[in-house]
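Please model the entire structure based on the sequences and the hints provided.
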Amino acid sequence: MERNRTPVVSGWFTGTEEDGDFRLLGTRCSACAAVFFPREDAYCRNPHCPGGGELAQTPLSPRGRVWSYTDGRYRPPAPYVSDPDAPWEPYTLIAVELEAEGMVVLGQGAPGVTVADLAVGMEVEVIGGVLNEDAGTVWTTWRFRPVEPAGVTA
Amino acid sequence: MSADIAVLGAGMHPWGKWGRSFVEYGRAAAKTALADAGLEWTDVRSVVGADTVRSGYPGYVAGATFAQALGWQGARVTSVYAACASGAQAIGAARAQILAGLAEVVLVVGADAAPKGFFAPAGGERPDDPDWLRFRVLGATNPAYFALYARRRMALYGDALEDFAEVKVKNAAAGALNPYARYRKTVTAQEVASSAVVADPLRLLDICATSDGGAALVLTSMEFARSHGVADPVRIRAVSTVTPTYPRTLLDLPDIATDAVTASAPAGGPFRASIARAAYEEAGLGPEDLSLAEVYDLSTALELQWYEDIGLCGEGEGAKLVREGATALGGRIPVNTSGGLASFGEAVPAQAIAQVCELTWQLRGRAGERQVPGARAGITANQGLFGHGSAVVAVR
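Residue numbers (the working numbering), protein chains in the order written: chain R, 1 to 154; chain P, 1 to 396.
To be clear, the hints were calculated from the coordinates, so they are not data collected in a lab. Virtual Cβ for every residue (Gly too), placed ideally from N, Cα, C. Heads up, a few of these hints could be off.
[As the list claims (entries may be wrong)] One-sided excerpt, in silico: chain R residues whose CB lies under 7 angstroms from chain P:
hint, residue
1, N4
2, V8
3, V35
4, F37
5, N46
6, P47
7, R73
8, A95
9, E101
10, L106
11, V120
12, M122
[Claimed, not checked] Simulated DEER-style distance windows between Cβ atoms:
hint, chain 1, residue 1, chain 2, residue 2, range
13, R, P87, P, G56, 29 to 39 angstroms
14, R, E40, P, K116, 53 to 63 angstroms
15, P, G124, R, E40, 21 to 31 angstroms
16, P, W18, R, E99, 45 to 55 angstroms
17, P, G158, R, G11, 34 to 44 angstroms
18, R, P50, P, A100, 35 to 45 angstroms
19, R, E133, P, G158, 18 to 28 angstroms
20, P, G19, R, A86, 46 to 56 angstroms
21, P, A100, R, V138, 53 to 63 angstroms
22, R, A86, P, G158, 31 to 41 angstroms
23, R, N132, P, T42, 54 to 64 angstroms
24, P, E282, R, E99, 33 to 43 angstroms
25, R, P47, P, L156, 49 to 59 angstroms
26, R, P87, P, P127, 23 to 33 angstroms
[What the hints assert, rightly or not] Not close to chain P: a few residues of chain R, all C-beta gaps over 12 angstroms, as computed:
hint, residue
27, E17
28, Q57
29, P87
In structure tokens, the structure reads:
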């Protein structure tokens, strides 16, 4: 049976890992240009916003620079999904300062990207990926990876 | 009008993993604080509880829970929750009541019974809760955030793993002298280095544990303290409970992203520094006036960050301060003379109150082997999930 591919959170990104046009989605206030991720659809949170604007969906910069990074050597608690019978595989966590928005967004590293491949300031890009799979669903997410091949950039 | 209030009593239940109800720890701490103040529970006209979210409904409404455990006597009640900043909120509420003339004697209590291991979000399927989402989508535990800050310091300021380890060595040495601490053994830099990596670059001994514990304060008006025969009590001169300013550009728990800077440029400096600045302004003193400080060392690296945020040194100079021994007992400005979270482990709603207990004992000159000679002024600093500032200035 074909399993559904479903974003782990609806409306936070668009595209797939295959099509090369994967983007995180935020919202932008038409009155003050404030950008929000995770998306804010109800109200603008800029206290200096003149008001009266609309929040419209906007794709975020596909690239940014590593603000910091770490990994998870131990299994996180639920609701993180992992197979308790399988040995724990550490994942890499990268905080990326997006080019145009100047905001720092957290994401897991693409499969195979370890802390040894990363440095603060390195350029990375966002791509689609799979967070976990269960009986009926492949849960998709966003991931970051170095723009240059891993290990080449200083 | 004097904005000072008096700390007449301070008390704790020792930190540990005792396996009992948080109510028991809070009640014991309250009894100890009342005895320290020379007052009876029936003298208390207002009780403020710092809540815990881990102990079900009684924990969510801790003020009344502690009042019931001590025996209903009709006192005014307040229950507050602000995660790690809950204790400062409780002290802030008590202080406001005293300064407004609503109560002369207020008992502040916080206690927790924490589970082992990583803190996890409240249960259920809650995709509108950022704290739930960061676990579901990223597996981003609290130590992961501490590790991001630590790595950033290494890249920006050249901090070394040995500098982080030195914080643990320092705090363990102080904690070994504190009968209320959970960990009372000295630790070597070698032991830190050989402990397991939890979240690169931080190791197990760089990260604070989760603990059971309870702390309480008896706070009164200055007039009440004098009429009670205490002419020169420890005074709380400032309580800072500020929020961040937009755009907030430093990634903080439990957020998945910071604010964008597309609408306005960041102003006013980072949130943690603004917490201390508000406390200093309210107290009318500055970092140069301090005898000691208690800061929230969730990780060793974060303690170094706090040195800079509370103005003990310039940006990026925290590691130098610990290397010089300035923040150790006997140093120029001792930090975490209690042993800090490194020696206590985190009992969330009790922790900010426990910080003020340590200031109280130090300012009274009753801190035993941990005593900072001639201590006259101290600050506590801390930060609660979602943007709760917490700092208290106490003087003698």
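Quick rundown of the hints versus the structure:
no., hint, result
1, N4, "17 angstroms, violated"
2, V8, "5 angstroms, holds"
3, V35, "4 angstroms, holds"
4, F37, "5 angstroms, holds"
5, N46, "5 angstroms, holds"
6, P47, "5 angstroms, holds"
7, R73, "5 angstroms, holds"
8, A95, "5 angstroms, holds"
9, E101, "4 angstroms, holds"
10, L106, "5 angstroms, holds"
11, V120, "4 angstroms, holds"
12, M122, "10 angstroms, violated"
13, R:P87 x P:G56: 29 to 39 angstroms, "35 angstroms, holds"
14, R:E40 x P:K116: 53 to 63 angstroms, "36 angstroms, violated"
15, P:G124 x R:E40: 21 to 31 angstroms, "23 angstroms, holds"
16, P:W18 x R:E99: 45 to 55 angstroms, "51 angstroms, holds"
17, P:G158 x R:G11: 34 to 44 angstroms, "41 angstroms, holds"
18, R:P50 x P:A100: 35 to 45 angstroms, "37 angstroms, holds"
19, R:E133 x P:G158: 18 to 28 angstroms, "42 angstroms, violated"
20, P:G19 x R:A86: 46 to 56 angstroms, "31 angstroms, violated"
21, P:A100 x R:V138: 53 to 63 angstroms, "58 angstroms, holds"
22, R:A86 x P:G158: 31 to 41 angstroms, "39 angstroms, holds"
23, R:N132 x P:T42: 54 to 64 angstroms, "57 angstroms, holds"
24, P:E282 x R:E99: 33 to 43 angstroms, "40 angstroms, holds"
25, R:P47 x P:L156: 49 to 59 angstroms, "29 angstroms, violated"
26, R:P87 x P:P127: 23 to 33 angstroms, "29 angstroms, holds"
27, E17, "16 angstroms, holds"
28, Q57, "14 angstroms, holds"
29, P87, "15 angstroms, holds"
In summary, the structure is inconsistent with hints 1, 12, 14, 19, 20, 25 from the numbered list given earlier, while agreeing with the others.
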